[in-house]
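In the order they appear, the protein sequences are chains H and U.
Just add 38 to the spot in the first sequence (first one is 1) and you have this note's numbering.
Just add 737 to the spot in the second sequence (first one is 1) and you have this note's numbering.
Keep in mind the hints are simulated off the structure, nothing from the lab.
Treat the hints with care, as some may be off.
What the hints assert, rightly or not - Result set (DSS-like, lysine-lysine): computed pairs, CA atoms no more than 25 angstroms apart in a straight line:
(1) K1178/U / K201/H
(2) K118/H / K166/H
(3) K1194/U / K172/H
(4) K964/U / K1040/U
(5) K186/H / K118/H
(6) K1058/U / K1145/U
(7) K186/H / K213/H
(8) K905/U / K1034/U
(9) K926/U / K1058/U
(10) K1194/U / K170/H
(11) K1194/U / K213/H
(12) K1145/U / K213/H
(13) K1171/U / K1120/U
(14) K944/U / K792/U
(15) K976/U / K926/U
(16) K1145/U / K1128/U
(17) K1203/U / K1166/U
(18) K875/U / K166/H
(19) K1034/U / K875/U
(20) K905/U / K874/U
(21) K170/H / K1224/U
(22) K1171/U / K1257/U
(23) K944/U / K875/U
(24) K905/U / K964/U
(25) K166/H / K1194/U
(26) K1224/U / K172/H
(27) K926/U / K166/H
(28) K971/U / K170/H
(29) K944/U / K964/U
(30) K1193/U / K1224/U
(31) K1257/U / K1224/U
(32) K213/H / K1193/U
(33) K1178/U / K170/H
(34) K172/H / K1171/U
(35) K201/H / K186/H
(36) K1145/U / K1113/U
(37) K1178/U / K176/H
(38) K1166/U / K172/H
Source: prediction; values computed, not measured.
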Amino acid sequence: MEMPKAELSTPSSTPLASLQIKKEDETLKAVSFPSAGDRAPNHGDDLRSLLLPDAHHLPVTPPSAIETNFTCYFALDFLKPGHDQYVYRHANGLCVIGLAPTHVALKEEGGVVRVDFNVGKSDRSEMKVTGKRKRNAKHFESNTALCKVFTNGNFFLARCCVKGSLLEVNDRLIKQPDLLNTSFFGDKGYFC
Amino acid sequence: MDSGEEKATTFLSRAASSLPPPHAIRDLLSHGVCVRCIFRLFGVSEYDDSCPLLKASTLLSLLEEQRNIPNAISENGSIANDLTQCPYDPHASGNEQPYCSVCLGILQFTNGHDQDLRTCESNSVSVLTSAITEILKKEAHQIDGFSIEISLPPVVSANDRAIWLYMKGRYASEEWFIGKLLSQQISVKDALRSLVTTSLESCLGVKSSSSSFRIRLTYIHEEASSKLQCSMQKFHGFKRRKTETNCKERMVDDLCGKNETISGEFHRCDSDAVVHCTLNAMQDDAFSELFMLPPEKTNNGCKLTISCYRLPVYIGGRYLKFSRRVSQSRWMIEDERMGEASVEVRMLGSGRPFLVEVSNARVMPSMVNIQEIADKINNSNDKYVTVRNLKLVGSEAWNLLREGEAEKQKQYAAVVWISRPLTEVDFNKISSIKNLDILQKTPVRVLHRRSPMDRKKIIHWMMVDKIVGTSQHFLLHLCTQAGTYIKEFVHGDLGRTHPSLGSILGCRAEILQLDVTDVKMDCFD
């Protein structure tokens, strides 16, 4: 494995310029993964040795950003059998709502082919929430309809599952309904 | 004659040509004008305050003596000392006015006790100087200079004009008055400033200059000021009388006439600046209608508030932070409150610029002091933080810092994991990216306190540093526009940041560690 030369155009001389690593540095010294009680380096240390973790301490499969930052709840058979949805709740109280992998729509041939946010009363994708105070956010009950999910033969109603104010709708689903079928490079097909 | 009187005589013989004749002085004294005001109203300054201030009686007798000297060159005409014209007799009791009707006691330097100002010899400015020195000592200020700020109620300059117009009305025809101008007056502010400055300089041993140390003298005279406000209302009322029905104004006038306190509803209070403006624009005849000429005598003096303070001192520099609140077992799902906060970011490299504002410092720090502070921080046992380039800066530093925040670039190093091994293609793809535009919706983690909006950001360049022993982890160096959410750029934030590292590589990407390695600002470098 070749260590790259630093191809950076940094002004004057910054510590990063010393990233020109010679071949013998390839075998990393055992720099421990930074712990809570980190100390400043002595004059001789490289910035790099501070930055690089020891491979032994790295998790083989770290949890995803969702797993780390949200508490994942599931609403099973919500109002109807097989209508499984998830609610991912962030520590700050915001919730992301979507179709659970066990939802009956995802079991059909071809999965989800269309998503329509127009649920009769209003088109959910038209709402605009502005500002820190989140003006215009509509208040929803847990059984409020979010959108219609279409498969090849059927359609299903997705519900809010929690009581709260609607901040944002994932309008990418209009052009890319397939997002609901597979998680695409971390782009989760959530509703709102 | 003692030496004090000798000095006074010498001074007076020099000043005599400016001062009015004794009968005019008697007149002024009878209207409650203090001796210092008499001097300054006629442009006489530089009265050496190391001699005790002349008592009114002494002043009169010395002046009268001078005029009786046959060879005295007096251009003040030969008006006879018509003592019967002026009712003022300094030796009679019951004729006294404790506080000057013009300066309202400001130039009389009472020490706060009810002293008899007519007879007190030591109403010297040293009373004020001692009070200031006391405060400086009590608040433990060390100064190498000072700057005096004086705030006087506008009624004082109204009084100056009133006494002038009175004299003009009475003495315009007398020879000594011809050629005298209102502009020759020394204002109370200037007289006070020069008195206090000289005295403080000798007392403290430091010079007055445009210093960052301020000594503020605020004088307030509620009674006289509210009377002035009344007159202002009347004046505004005169102007409006032609165009409006004005029962309100008449009501105000009635109340003014009875000297009652006016409720907030009817009483429109002009600020000092507005009052000054209005007075300056007022013609003499309008002024004479509104104000008593000469100004009324008063039984109260001004209230003085002294405040001594240093203007803020700014210390700027760059700091580095070496700790992060991260445990080895961070990847276990912990109490949800830990969340994002546990991936705290270190500040490495050249450091992040910062600014400290010190209010009312008791001592002006020197460069040596600042260096001592820096050394103390950098040599402490807990090396969580170090500072670089710590120095004194001016107040413009705030603006510099604010500008820089929004505009400048930042450099990071992130430990990244991807869901499949890194290939050479990936490596080259990343390294070849230059000034990539990305669009970031407000990250979910801050959406509860920030506006929902789309932010266009630029990733200037990226570089991969492989980590030996692992194929799915690497160190990613990136340089981005200020305000870019790095974590969201790596993991994509549910697709709300696009493109993301994951979408570029075509796999899932997670961020395990983040450090700031440079904050590119032309600030405190």
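Each hint tested on the structure:
As the CA atoms of K1178/U and K201/H are separated by approximately 24 angstroms, the hinted pair is consistent with the 25 angstroms bound. The suggested pairing of K118/H with K166/H is violated, with an alpha-carbon distance near 30 angstroms, which exceeds 25 angstroms. At roughly 23 angstroms between alpha-carbon atoms, K1194/U and K172/H fall within 25 angstroms of each other, so this suggested pair holds. Distance check on the hinted pair: K964/U and K1040/U sit about 16 angstroms apart at the alpha-carbon level, within 25 angstroms; holds.
Restraint check for K186/H and K118/H: satisfied, since their Cα atoms lie roughly 15 angstroms apart, inside the 25 angstroms limit. Straight-line distance between C-alpha atoms of K1058/U and K1145/U comes to about 20 angstroms, which keeps the hinted pair within the 25 angstroms bound. Proposed proximity of K186/H and K213/H is supported: the alpha carbons are some 14 angstroms apart, at most 25 angstroms. Taken as a hint, the K905/U and K1034/U pair is honoured in the structure, with Cα atoms around 19 angstroms apart against an allowance of 25 angstroms.
Restraint check: the Cα-Cα separation between K926/U and K1058/U comes to about 52 angstroms, which exceeds 25 angstroms; the hinted pair is violated. Restraint check for K1194/U and K170/H: satisfied, since their Cα atoms lie roughly 21 angstroms apart, inside the 25 angstroms limit. With a C-alpha separation of about 24 angstroms, the suggested pair K1194/U and K213/H falls inside the 25 angstroms cut-off, and the hint holds. Under the criterion of a C-alpha separation no larger than 25 angstroms, the hint pairing K1145/U with K213/H is inconsistent with the structure, at around 36 angstroms.
Between K1171/U and K1120/U the CA atoms are separated by roughly 36 angstroms; this puts the pair beyond 25 angstroms, and the hint is violated. The hinted pair formed by K944/U and K792/U fails the criterion: a straight-line CA distance of about 31 angstroms is larger than 25 angstroms. Distance restraint check for K976/U and K926/U: the Cα-Cα separation of roughly 31 angstroms exceeds the 25 angstroms cut-off, and the hinted pair is therefore not satisfied. Taken as a hint, the K1145/U and K1128/U pair is honoured in the structure, with Cα atoms around 22 angstroms apart against an allowance of 25 angstroms.
Between K1203/U and K1166/U, the direct Cα distance comes to roughly 14 angstroms. Compliance with the 25 angstroms bound is thereby established for this hinted pair. For the hint linking K875/U to K166/H, the alpha-carbon distance of about 60 angstroms lies beyond 25 angstroms, and the restraint is violated. With a CA separation close to 36 angstroms, the supplied pair K1034/U and K875/U exceeds the 25 angstroms bound. Of the supplied pair hints, the one linking K905/U and K874/U is violated, its CA atoms being roughly 47 angstroms apart against a limit of 25 angstroms.
For a cut-off of 25 angstroms, the pair hint linking K170/H to K1224/U stands: about 22 angstroms separates their Cα positions. With a CA separation close to 17 angstroms, the supplied pair K1171/U and K1257/U stays within the 25 angstroms bound. This hinted pair checks out: K944/U and K875/U have alpha carbons roughly 21 angstroms apart, not beyond 25 angstroms. Taking the CA atoms of K905/U and K964/U, the gap is about 24 angstroms. The hint holds against a cut of 25 angstroms.
Among the hinted pairs, K166/H with K1194/U is consistent with the structure: their alpha-carbon atoms are about 22 angstroms apart, no more than 25 angstroms. Taking the CA atoms of K1224/U and K172/H, the gap is near 24 angstroms; set against the 25 angstroms cutoff, the hint holds. With a C-alpha separation of about 60 angstroms, the suggested pairing of K926/U with K166/H is violated against the 25 angstroms cut-off. Taking the CA atoms of K971/U and K170/H, the gap is near 49 angstroms; set against the 25 angstroms cutoff, the hint is violated.
Of the supplied pair hints, the one linking K944/U and K964/U is violated, its CA atoms being roughly 39 angstroms apart against a limit of 25 angstroms. For the hint linking K1193/U to K1224/U, the alpha-carbon distance of about 16 angstroms falls within 25 angstroms, and the restraint holds. Note on K1257/U and K1224/U: the hinted pairing holds, with a Cα-Cα distance of about 20 angstroms set against a maximum of 25 angstroms. Distance check on the hinted pair: K213/H and K1193/U sit about 21 angstroms apart at the alpha-carbon level, within 25 angstroms; holds.
Taking the CA atoms of K1178/U and K170/H, the gap is about 14 angstroms. The hint holds against a cut of 25 angstroms. Note on K172/H and K1171/U: the hinted pairing is violated, with a Cα-Cα distance of about 36 angstroms set against a maximum of 25 angstroms. Restraint check for K201/H and K186/H: the C-alpha separation of about 19 angstroms stays at or below 25 angstroms, so the hint holds. For the given pair, K1145/U sits about 30 angstroms from K1113/U by alpha-carbon distance, which is inconsistent with the 25 angstroms threshold.
Under the criterion of a C-alpha separation no larger than 25 angstroms, the hint pairing K1178/U with K176/H is consistent with the structure, at around 20 angstroms. For the proposed pair K1166/U and K172/H, the alpha carbon gap of about 39 angstroms is over 25 angstroms, so the pair is violated.
Comparing the model with each earlier hint shows violations of hints 2, 9, 12, 13, 14, 15, 18, 19, 20, 27, 28, 29, 34, 36, 38; every other hint is respected.
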